[in-house]
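Novice: Sequence:
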Amino acid sequence: GLDSSSLDSTGITPANAAYVIYTSGSTGQPKGVLVEHRQAVNFLYGMARRCDMAACDSMLQFASLSFDASVHDMFMPLLAGARVVLAPAETLHSPPRLAALIRQSRVTFVCLPPAVLSLLADEQFPDLHMLTSGGEELSAELARRWIRPGLRFINDYGPTEASVTATCAELDPAAPLPPPIGRPLPNYQAYVLDAHLNPVPAGVTGELHIGGAGVARGYLGQPELTRQRFIPDPFRPGPGARLYKTGDLARRRADGTIMFAGRIDGQVKIRGLRVELGEIETALARHPSVAQAVVTVVADPAGDSQLAAYLRPEPAPGSAPDPDSLRSYLARTLPAYMIPAHLITVGSFPLTTSGKVDRAALPPPAPQQAAGHVAPATSIEAILVDLYAAVLGRAKVGVTDSFFDLGGSSLQVMRLVSRISADVGADVGASTVFLHPTPRQLAASIDAARSGAAAPADSGPLVPLSQGLGQLPLILIHPVGGTVIPYAPVARELAGTFQVRGLQAPGLTDASATAASLAGLADDYAERVLAAQPDGPYRLGGWSMGGVVAFEIARRLEQAGAEVSLLALLDAPFAIPATRTPTPGQLARQFVADAAHSLGWHTAGPPGSVTLTAAEQLGWLAGRLAEGSDSDEEQDAIARQLRQRFDVFSAHVQMMAGYQPAAPAVRAPTLIVSADSSPNAPTLTLWPGVLDGPVSTLRVDSDHYAFLRPPLITDVGRRILKWHSGSEEAPGRGA
Numbered sequence: 001g002l003d004s005s006s007l008d009s010t011g012i013t014p015a016n017a018a019y020v021i022y023t024s025g026s027t028g029q030p031k032g033v034l035v036e037h038r039q040a041v042n043f044l045y046g047m048a049r050r051c052d053m054a055a056c057d058s059m060l061q062f063a064s065l066s067f068d069a070s071v072h073d074m075f076m077p078l079l080a081g082a083r084v085v086l087a088p089a090e091t092l093h094s095p096p097r098l099a100a101l102i103r104q105s106r107v108t109f110v111c112l113p114p115a116v117l118s119l120l121a122d123e124q125f126p127d128l129h130m131l132t133s134g135g136e137e138l139s140a141e142l143a144r145r146w147i148r149p150g151l152r153f154i155n156d157y158g159p160t161e162a163s164v165t166a167t168c169a170e171l172d173p174a175a176p177l178p179p180p181i182g183r184p185l186p187n188y189q190a191y192v193l194d195a196h197l198n199p200v201p202a203g204v205t206g207e208l209h210i211g212g213a214g215v216a217r218g219y220l221g222q223p224e225l226t227r228q229r230f231i232p233d234p235f236r237p238g239p240g241a242r243l244y245k246t247g248d249l250a251r252r253r254a255d256g257t258i259m260f261a262g263r264i265d266g267q268v269k270i271r272g273l274r275v276e277l278g279e280i281e282t283a284l285a286r287h288p289s290v291a292q293a294v295v296t297v298v299a300d301p302a303g304d305s306q307l308a309a310y311l312r313p314e315p316a317p318g319s320a321p322d323p324d325s326l327r328s329y330l331a332r333t334l335p336a337y338m339i340p341a342h343l344i345t346v347g348s349f350p351l352t353t354s355g356k357v358d359r360a361a362l363p364p365p366a367p368q369q370a371a372g373h374v375a376p377a378t379s380i381e382a383i384l385v386d387l388y389a390a391v392l393g394r395a396k397v398g399v400t401d402s403f404f405d406l407g408g409s410s411l412q413v414m415r416l417v418s419r420i421s422a423d424v425g426a427d428v429g430a431s432t433v434f435l436h437p438t439p440r441q442l443a444a445s446i447d448a449a450r451s452g453a454a455a456p457a458d459s460g461p462l463v464p465l466s467q468g469l470g471q472l473p474l475i476l477i478h479p480v481g482g483t484v485i486p487y488a489p490v491a492r493e494l495a496g497t498f499q500v501r502g503l504q505a506p507g508l509t510d511a512s513a514t515a516a517s518l519a520g521l522a523d524d525y526a527e528r529v530l531a532a533q534p535d536g537p538y539r540l541g542g543w544s545m546g547g548v549v550a551f552e553i554a555r556r557l558e559q560a561g562a563e564v565s566l567l568a569l570l571d572a573p574f575a576i577p578a579t580r581t582p583t584p585g586q587l588a589r590q591f592v593a594d595a596a597h598s599l600g601w602h603t604a605g606p607p608g609s610v611t612l613t614a615a616e617q618l619g620w621l622a623g624r625l626a627e628g629s630d631s632d633e634e635q636d637a638i639a640r641q642l643r644q645r646f647d648v649f650s651a652h653v654q655m656m657a658g659y660q661p662a663a664p665a666v667r668a669p670t671l672i673v674s675a676d677s678s679p680n681a682p683t684l685t686l687w688p689g690v691l692d693g694p695v696s697t698l699r700v701d702s703d704h705y706a707f708l709r710p711p712l713i714t715d716v717g718r719r720i721l722k723w724h725s726g727s728e729e730a731p732g733r734g735a
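Residue numbers for the sequence shown follow our numbering, so the first one is 1 and each next one is one higher.
Misleading hints may appear alongside valid ones.
[Unchecked claim] For each label pair, taking beta carbons as the anchor points, the in silico distance ranges come out as:
1. A361 to R227: 30 to 40 Å
2. V374 to H37: 52 to 62 Å
3. Q654 to L86: 30 to 40 Å
4. A285 to Q471: 16 to 26 Å
If you are wondering where the hints come from, they were derived from the structure by calculation, not from laboratory data. Note that the structure is predicted; figures quoted are calculated from it, not measured. Every residue gets a Cβ at the ideal spot worked out from N, C-alpha and C, and that includes glycine.
Hey, can you work out the whole structure from these sequences and the hints?
Specialist: Encoded structure:
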């Protein structure tokens with residue numbers, strides 16, 4: 001056993017902060033909820049007792065670490081000595097792969113939001129005996145589809161401010177529907193109160209307040225908001241006793257069971273993300289052509305929630321708001337998931353007898369039809385355009401229409417992937433849809449994968465990552481792996497302002513196209529940038545090695561007399577030490593670890609990787625990526641692509657060894673994003689020494705990988721837009 005005496009002097013107490021989780025804020029500033037160890041432990045202990053988890057159980061880690069449900073997924077099994085099942089995002093976000101993982105890993109416990117449950121409702125899982133669902137309201141219809149013999153089904157409720165889950169209800173065939181949110185967990189209290197904090201009678205709707213040991217410390221750095229929402233507990237007076245005002249409406253049944261009844265204010269959940277409708281309305285009202293805006297939630301044909309904005313234009317002639325310019329305008333200040341799918345112009349708003357806008361009387365959005373659509377030319381294209389239309393709720397879609405320009409979301413990508421698997425017989429991942437967003441491109445990608453070929457020959461190294469809204473060209477240079485897939489989230493954040501393209505390593509499709517040195521690579525890429533965009537100004541960026549190459553391209557363009565108006569260095573290393581030539585096995589360990597981190601895996605590679613050959617390590621990675629597939633052809637295709645990517649990766653690692661930025665300095669306005677937990681963090685203060693233009697820095701509490709994914713990428717995207725627009729005053733060189 002381990003000597004536990006070393007734990008006595010840590011200085012850590014139950015009142016110390018355990019974590020901070022951010023949620024949406026009505027002022028546009030995210031709210032950081034600070035949860036202490038004692039609050040998290042109380043929740044986990046109560047939930048473990050309620051679920052009867054044992055050491056023989058297996059729990060799927062589904063929730064992202066940026067959501068508080070991940071605390072439940074990770075730590076409840078550890079308290080019970082149970083097993084945690086980990087999987088890459090590509091598996092978790094593909095319904096067929098997720099279902100296969102649950103079956104093959106013999107998962108017994110899983111916690112999934114209703115939106116994901118709806119995609120798996122027809123699946124059978126013989127080993128699953130405990131299902132919990134939360135994060136969104138569970139519909140009666142979905143509950144009926146999941147209540148089945150041998151499966152315990154718990155509907156849970158809890159804001160982040162009450163430490164994950166405050167109440168829960170176990171559903172069974174005899175349970176009355178709609179499903180309740182139940183009763184409090186151990187050491188929690190739940191009160192349904194009126195505006196004067198008096199309990200309301202059973203059956204009467206009031207505001208739900210949560211008290212007890214699970215109430216968080218408050219909002220990080222926002223004492224006034226903490227005082228407003230975390231109030232003294234009038235029912236249990238004593239030092240530190242508080243209630244959290246949830247802002248949710250609820251009512252009690254006669255037996256004390258609590259029923260959820262919506263929100264008091266305009267806060268809603270869209271695909272599991274908390275959204276303040278007032279924040280969107282305020283952003284719209286700032287546009288010069290909008291006199292008044294009202295934002296509501298509507299359902300698309302598939303039953304998913306979408307945002308609809310109703311706009312009353314300014315009375316001045318010619319001031320009618322243009323939808324494309326409005327979306328571009330909103331993208332400068334709001335994340336992509338908060339941009340309404342529908343923008344409807346109205347002459348006036350219907351009013352209630354009290355003079356308020358009658359939201360229920362607003363006209364439903366008309367079905368959206370893609371203008372000037374191009375008809376399909378092949379059977380696969382015909383199937384795909386129909387799938388796009390069904391998933392997106394469109395009357396018609398053309399083969400050249402981008403899934404994301406039509407308003408596609410990450411959840412809709414999951415549904416599209418599931419439908420493609422069933423109707424086309426092709427297992428594509430979310431990244432494939434990002435890289436091939438139109439039906440024609442996706443059909444070509446499917447055909448190429450079926451034939452065992454690489455990407456279509458005419459795809460070229462410049463990959464369009466956003467289309468339709470932004471007008472300003474922005475080129476993001478690939479990181480060391482050569483692919484531009486990691487830029488898909490930031491491209492979505494920037495799409496309203498920029499036409500984002502990724503410069504992918506040409507060696508991924510042509511082994512002879514990789515330059516022999518970093519200088520040669522920068523020369524080649526500068527020529528490709530000039531060929532793609534003959535005139536400036538140029539906007540460049542890159543993550544990791546991509547930042548270094550973007551800096552070198554900017555230096556070459558400026559030496560040629562061109563203007564570079566933006567350089568974004570995303571956690572880029574400043575200088576690389578010259579080391580001895582690594583062996584193929586060492587390069588493979590680095591390649592596999594880099595891939596694992598990028599995919600969010602909780603492993604850096606196979607056991608005993610130090611003794612494994614490069615081929616063995618790549619084989620392990622190929623096997624992990626192909627989990628859930630019974631197709632030998634698909635597994636072989638993955639292995640071939642991995643080998644090609646490994647060759648490109650190896651060449652890039654070796655050409656980066658010994659790199660030092662050289663004169664002359666770059667004059668472009670530069671934004672430096674630095675991840676605090678990255679090996680590149682110490683170089684933050686070095687880059688300004690080779691930059692002669694205005695410099696701004698953004699530090700993020702992240703490792704080298706996580707800040708490129710939601711939710712952190714939203715702040716990064718906003719900062720890039722703000723810095724480029726000039727709304728952020730240049731702090732001066734080196735700030």
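Novice: Compare the structure with each hint and give your call.
Specialist: Evaluated hints:
1. A361 to R227: 30 to 40 Å: Since the Cβ atoms of A361 and R227 sit about 37 Å apart, the hinted range of 30 to 40 Å holds.
2. V374 to H37: 52 to 62 Å: holds (58 Å)
3. Q654 to L86: 30 to 40 Å: holds (31 Å)
4. A285 to Q471: 16 to 26 Å: Because 24 Å falls inside the window, the suggested range holds.
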